[in-house]
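**Q** Residue numbers (my numbering), protein chains in the order written: chain A, 1 to 356; chain B, 1 to 291.
Please note: incorrect hints may appear among the correct ones.
Derived pair list, reagent style PhoX-like, types lysine-lysine, alpha-carbon separation capped at 25 Å [stated by the list, open to error]:
no.: 1; chain 1: A; residue 1: Lys-348; chain 2: A; residue 2: Lys-195
no.: 2; chain 1: A; residue 1: Lys-349; chain 2: B; residue 2: Lys-87
no.: 3; chain 1: A; residue 1: Lys-348; chain 2: A; residue 2: Lys-15
no.: 4; chain 1: A; residue 1: Lys-348; chain 2: B; residue 2: Lys-87
no.: 5; chain 1: A; residue 1: Lys-89; chain 2: A; residue 2: Lys-349
no.: 6; chain 1: A; residue 1: Lys-197; chain 2: A; residue 2: Lys-15
It should be emphasised that the hints constitute simulated quantities derived from the structure, not laboratory data.
What follows is each chain in one-letter form.
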Amino acid sequence: MDMKRAYYEDIELFKSGVIIFWTISLMIVLFTIPLYASNYYLYLFNLIMVHVIIAVGLNILVGSTGQISLGHAGFFAIGAYATVLLMTKLQVPFFAAIIIAAFISAFFGFILGLPALRLEGPYLTIATLAFGLAIMHIIGHTDIFGGRTGLMAPPLDVGVPKLGWSWILKTDVSKYYLILIFTIIMVLVAINILKTKAGRAFVAIRDSDIAAEVIGINLTIYKTLSFAVSAFYAGIAGGLFAFVLGFFDPVTFNLLLSIYFLVMIVVGGLGSVMGSITGAAFITYLMYALFKNVREVPYLGSFLVTISERWLTITGLDNMSAIALGLVMIGIMLFEPLGIFGAWIRVKKYWKTWPF
Amino acid sequence: MPVGQLLIEGLAMGACYGLFGLAVVIIYKTSEVINFAAGEMAMFSTYIVFHMLTVYNCPFWLAFLMALVFAAILGVLVQYIFLRPAKNPTLLGLIVITLGVEMLLMGLASWKWGAEGQAFYLPVSYKVTYEPISGFIVSEWAMAVFITAAVIMAFLYFFFKHTKLGTAMRATQQNKHAAKIMGIQTDMIFAFAWAFSSVIGVIAAMLLSAKAILDPQFMMEPFLRAFAAAVLGGLMSVPGVLIGGAIMGLLENFFGYAWPAWKPITAFVVIVLVLCVRPSGLFAKHYIKKV
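Please work from the sequences and hints to get the whole structure.
**A** Following this line, the structure appears as structure tokens:
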């Protein structure tokens, strides 16, 4: 069904007029959201878009290259801290700071990619996990990073304050547009990376690294490149995350956050950009909106309160989100291992040949 | 520097990590699943002991036995409900399922018992100490740990070498299909491995809880250390994981004494460095990948 007949068909951005139509509609909706969404929902949208960026990056590493990382909260933290510190300590303008921070993060990705050349499976998992923990502790024990008390993000100035040309974004609406533009660029770049020589090399490494090496793919270059690209995405996302939150401390970037990122791409669909976007949106909504105030959910909320009063503790009800997330993770793996994207492909296939 | 005490404390901690690492290794050996939920399964069973002690005022030995039974049932249930239905799972898929079980159990425990810490006392305390050789202070807790570890090791050795079930487990590990042809019910073996691992996990968790406050996350850090110890030992060998645990405990204690601020991560960093030199752990047999 999705057969490609020419190279150009494989690399074109929009496969058909229908896709162009829906993409433009989505863009219109996204750009007009501040007109009809309340401030709380804008905050949620900002968070979703930050998570979309990191999920897209993580999917390049896990979904396309097949290297499991449980340490992406570390790269995320590097992005956030580097951006804020460059802006406050060295007065670097915002755009330069976030790019430099992303490159610092990419450098750490490169470093972590080196042991990944020798490790695989559970051994790689423990190495990335150790990296995430190490970053969290190093930040927590160093005074320049604010220690355990955390850091406050400076006012988001997108101009160049040193030249007296400053433009401070104060409201959630203006931050929304900034993050939206970043997200669109990063997603477009990701879609295109997967269609280049490097992207195809990643997929070859995922399917079989020995075979990839035999056909002339340099594993050293492409495995570390994949880690670096993924860490670059995490760095950008971290820099934006710092301003969405406004205040953060080392505990923000704990192991659970790395697990959430992994869950986002698994739920969305491994190896697909659209999958990471839907997965990030779905999980973020679940974690930060639906189950944050589960008591206010109609019917379900009062039902859960009754249960908790009867047999369990009412204070523990706030931990519902962990239960829901666990069930989503298990359910997806058992019933739809390809995630939301896999379900979408199935639906599409069914309707394409519908009467037959 | 009180070398003797650091040595004994480190070895005791290491024995705990090694025991808990055994829970990871037993499952990995039979079914090649890394059980990220091991920590939370043990945590949940420890809460059962806590519940029996505080709500029903059971004597400790009864609560402990009940927890072992509960842990075995929990292990079988997790394997039966969550892992068996997975069709042709990948490594990542299995990791995600076990992480999901971890989240689920953590959420359930904090729903039932609240997220705040609870006071939980073992009959053995690490504050009661003896000094058989001067300079080597042994606490009651450390002795309990050493005895438990020795008993479990002896039992495992006997079990894997001399019982029918143990032999069947080893056969399943070597070749699942051949074992099936030989008449071994491999599904039963997997369920048994999970129950077994869960029971060892809860024993290790009980010992570790003496040094921590009982809350729904108290097994997360020890689990990571135990997992690291198991990886260091090669994830496949039973003596390897205990040696890995001992290395982990000693490193942590000595580095922790020298640089207290960096105690939580030094051992991890060392392990990653070791893995860079020997990618499949210290005691794994030479690793050949199937193409």
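**Q** Confirm or reject each hint.
**A** Outcome of the hint check:
A distance of roughly 22 Å separates the Cα atoms of Lys-348 (chain A) and Lys-195 (chain A); the hinted pair therefore holds under the 25 Å criterion. A C-alpha spacing of about 22 Å is found between Lys-349 (chain A) and Lys-87 (chain B), which places the hinted pair at or below 25 Å, so the restraint holds. With a C-alpha separation of about 15 Å, the suggested pairing of Lys-348 (chain A) with Lys-15 (chain A) holds against the 25 Å cut-off. Proposed proximity of Lys-348 (chain A) and Lys-87 (chain B) is supported: the alpha carbons are some 23 Å apart, at most 25 Å.
For the hint pairing Lys-89 (chain A) with Lys-349 (chain A), the CA-to-CA distance comes to about 55 Å; that exceeds 25 Å, so the pair is violated. Restraint check: the Cα-Cα separation between Lys-197 (chain A) and Lys-15 (chain A) comes to about 20 Å, which is no more than 25 Å; the hinted pair holds.
Of the numbered hints given earlier, the model fails hint 5 alone.
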